[in-house]
Amino acid sequence: MNKREGEGCSLRNADSAQELDTSANLSSSVIAAFKVFQKELDTKHDKYERLVKISRDVTIESKRTIFLLHRVTNVPDTEDVLIEAEGKLDVVRQKIGLIAEELRGEDIHQFHRAFTPGIQEYVEAVSFLHYIRHRSLISLEEINARLVFMRTEKADPKGSSEAAPEGTQVLTFQVTPSDYLLGVADLTGELMRMCISSVGNGDIDTPFQLSMFLRQIHDGFSYIGNTGPYEVSKKLHTLRQSLGKVEDACYALRVRGSEIPKHMLADVFSSRTTLIDPEEGVV
Amino acid sequence: MSVTEMFSYIQGFLSADQDVREDIRKVVQTLEQTAREILTVLQSVHQPSGFKEIPSKCTRARELFCTVRTQISDLKTKFPVEQYYRFHEHWRFVLQRLAFLAAFVVYLETEALVTREEVAQILGIEVVREKGFHLDVEDYLAGVLIMASELSRLAVNSVTAGDYTRPLRISNFINELDSGFRLLNLKNDPLRKRYDGLKYDVKKIEEVVYDLSIRGLAKEAEAVGDK
Chain A
1106 MNKREGEGCS LRNADSAQEL DTSANLSSSV IAAFKVFQKE LDTKHDKYER
1156 LVKISRDVTI ESKRTIFLLH RVTNVPDTED VLIEAEGKLD VVRQKIGLIA
1206 EELRGEDIHQ FHRAFTPGIQ EYVEAVSFLH YIRHRSLISL EEINARLVFM
1256 RTEKADPKGS SEAAPEGTQV LTFQVTPSDY LLGVADLTGE LMRMCISSVG
1306 NGDIDTPFQL SMFLRQIHDG FSYIGNTGPY EVSKKLHTLR QSLGKVEDAC
1356 YALRVRGSEI PKHMLADVFS SRTTLIDPEE GVV
Chain B
17 MSVTEMFSYI QGFLSADQDV REDIRKVVQT LEQTAREILT VLQSVHQPSG
67 FKEIPSKCTR ARELFCTVRT QISDLKTKFP VEQYYRFHEH WRFVLQRLAF
117 LAAFVVYLET EALVTREEVA QILGIEVVRE KGFHLDVEDY LAGVLIMASE
167 LSRLAVNSVT AGDYTRPLRI SNFINELDSG FRLLNLKNDP LRKRYDGLKY
217 DVKKIEEVVY DLSIRGLAKE AEAVGDK
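Listed in order, the protein sequences are those of chains A and B.
Using my numbering, read the first sequence as starting at 1106 and increasing by one per residue.
Using my numbering, read the second sequence as starting at 17 and increasing by one per residue.
To be clear, the hints were calculated from the coordinates, so they are not data collected in a lab.
One or more of the hints may lead you astray.
[Said to hold, decoys possible] Computed beta-carbon distance windows for the label pairs:
1) B:S65 <-> A:S1134: 55 to 63 Å
2) A:E1352 <-> B:K42: 42 to 50 Å
3) A:T1343 <-> B:R169: 43 to 51 Å
4) A:N1179 <-> B:V144: 56 to 64 Å
5) B:N204 <-> A:F1313: 44 to 52 Å
6) B:E125 <-> A:S1338: 45 to 53 Å
7) A:K1339 <-> B:S31: 18 to 26 Å
[Stated by the list, open to error] EDC-like, lysine to aspartate or glutamate: derived pairs with alpha carbons at most 16 Å apart:
8) B:K209 <-> B:E133
9) A:K1149 <-> A:D1212
10) B:K203 <-> A:E1145
11) B:K203 <-> A:D1212
12) B:K68 <-> B:D179
13) A:K1144 <-> B:E154
14) A:K1140 <-> B:D194
15) B:K147 <-> A:E1211
16) B:K203 <-> A:D1151
17) B:K92 <-> B:E38
18) A:K1340 <-> A:D1353
19) B:K203 <-> A:D1147
20) B:K147 <-> A:D1212
21) B:K92 <-> B:E146
22) A:K1140 <-> B:E154
23) B:K94 <-> B:E125
24) A:K1168 <-> A:E1189
25) A:K1149 <-> B:D179
26) A:K1149 <-> B:D205
Ideal Cβ positions, reconstructed from N, Cα and C, are used throughout, including at glycine.
Put together the whole structure using the sequences plus the hints.
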């Protein structure tokens, strides 16, 4: 810039005046255009940041729910835990409602990267809860069906009785199939932990159920193979490890379960879990 | 729904998605071909003889942009319009190239910065997202930045060809552009990376202008221009 100004001075007076004039003219149109771009980009970045923030909250709350659900194995009354987890997930859903609100009128995919970690974590939590309750895999529709939010328009106070469908606005959030898939892949890690800890508690049925279920999921992922998004193939590797651990646990139960008295099983497997745990940290 | 059913449902979705991507890729390939042709036409302005032919080259490029328009309208039919950003990656690169080419043509014709509306019009697309297939602001800006480095090259070559006034005009223009980009708060993204290259283009043109100034060539050229 300095060099240019120096160059301007070296020109004759009339010329430099003329040059200033043209550059001022240019600046008005170019600068005005860039001011518009500035505003547009800032709006976009702000929205993105807000979404990232909400997504973080969703992730944290979902993780806490998962930790809570892991307590199911050593608590006598599972129903209490499940109800508490359900309550936590309601909070998470409200947050997802905020995402849906931010995305109103936008292209979901434009901001998808901002909130995909949170959504995956939510899928993981909600499918974990569903598994503990129903021993089955939650479907994508079931997840999406719960992500419908009612927003009453503030500007429209009367719409309670007859104008309810028009007055309240229905916002939906659609979990994309690939987010669902990645969330389910994460779920298998949780199931593996659940399996090991239930063995530790002397529960002999759960590991076998879990290994069946994990195998089904594994088969499903093998069926999808590399047609899915890139991350899926990465997760498939961890999934295989989890499955291996669960199958080993079942194997050990079968082989040694007949030899060892039931009350000592806990000791056998608590030593086993410590063997497995450090590796689990990588997952 | 059993696990197997669920997975085959997802699989169905994924393969449909892949088909769409395959279609898009094919059209984008033809689009890239046309973009390369336009670039070849415009590259000749760097030749010493090319300077006189700028208007005819621009007309030729504009003709080729007609092909671009039909190819883009073909692309539009390949996916639902509200899923623009889902497949954005596929045409982002070529759209930036095309924005650059449009900006370059407009610069060569009028020596002014092309507006986003003009680019959209040349490519036969929209400016705002709500109206359909549009030109993302970041892609437009990326195209403008590509043009900046092309212009720094043009400044050097125009001196070689004996045109001493053009670098001064280019210098003014690039400085405007630079102060325009300074207004933007860019995140650490590809656009920012590209913007970081702009200062080298500015520097290069300043050096050309400096060389001309100390040799009095700029003044001489001005005098010729005044007559």
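A quick look at each hint next to the structure:
1. B:S65 <-> A:S1134: 55 to 63 Å: violated, 33 Å
2. A:E1352 <-> B:K42: 42 to 50 Å: Between E1352 of chain A and K42 of chain B, where Cβ atoms are some 44 Å apart, the hint holds.
3. A:T1343 <-> B:R169: 43 to 51 Å: holds, 49 Å
4. A:N1179 <-> B:V144: 56 to 64 Å: holds, 57 Å
5. B:N204 <-> A:F1313: 44 to 52 Å: holds, 50 Å
6. B:E125 <-> A:S1338: 45 to 53 Å: At roughly 49 Å between Cβ atoms, S1338 of chain A and E125 of chain B fall inside 45 to 53 Å, so the hint holds.
7. A:K1339 <-> B:S31: 18 to 26 Å: holds, 20 Å
8. B:K209 <-> B:E133: Roughly 25 Å separates the two Cα atoms, so the pair is violated.
9. A:K1149 <-> A:D1212: holds, 12 Å
10. B:K203 <-> A:E1145: holds, 13 Å
11. B:K203 <-> A:D1212: Not satisfied, since the Cα-Cα distance of roughly 20 Å exceeds 16 Å.
12. B:K68 <-> B:D179: Given that 16 Å is the threshold and the Cα spacing comes to 11 Å, the pair holds.
13. A:K1144 <-> B:E154: holds, 13 Å
14. A:K1140 <-> B:D194: This hinted pair holds, its Cα atoms lying about 13 Å apart.
15. B:K147 <-> A:E1211: holds, 12 Å
16. B:K203 <-> A:D1151: Holds. K203 of chain B to D1151 of chain A sits at ~11 Å (cutoff 16 Å).
17. B:K92 <-> B:E38: Given that 16 Å is the threshold and the Cα spacing comes to 14 Å, the pair holds.
18. A:K1340 <-> A:D1353: Violated. K1340 of chain A to D1353 of chain A sits at ~20 Å, over the 16 Å cutoff.
19. B:K203 <-> A:D1147: Satisfied, since the Cα-Cα distance of roughly 10 Å is no more than 16 Å.
20. B:K147 <-> A:D1212: holds, 12 Å
21. B:K92 <-> B:E146: holds, 14 Å
22. A:K1140 <-> B:E154: Between K1140 of chain A and E154 of chain B the Cα gap is close to 14 Å, so the pair holds against 16 Å.
23. B:K94 <-> B:E125: violated, 34 Å
24. A:K1168 <-> A:E1189: This hinted pair holds, its Cα atoms lying about 14 Å apart.
25. A:K1149 <-> B:D179: The hint is violated at about 43 Å.
26. A:K1149 <-> B:D205: The hint holds at about 13 Å.
Figure legend: structure checked against the earlier numbered hints; hints not met, in rising order: 1, 8, 11, 18, 23 and 25.
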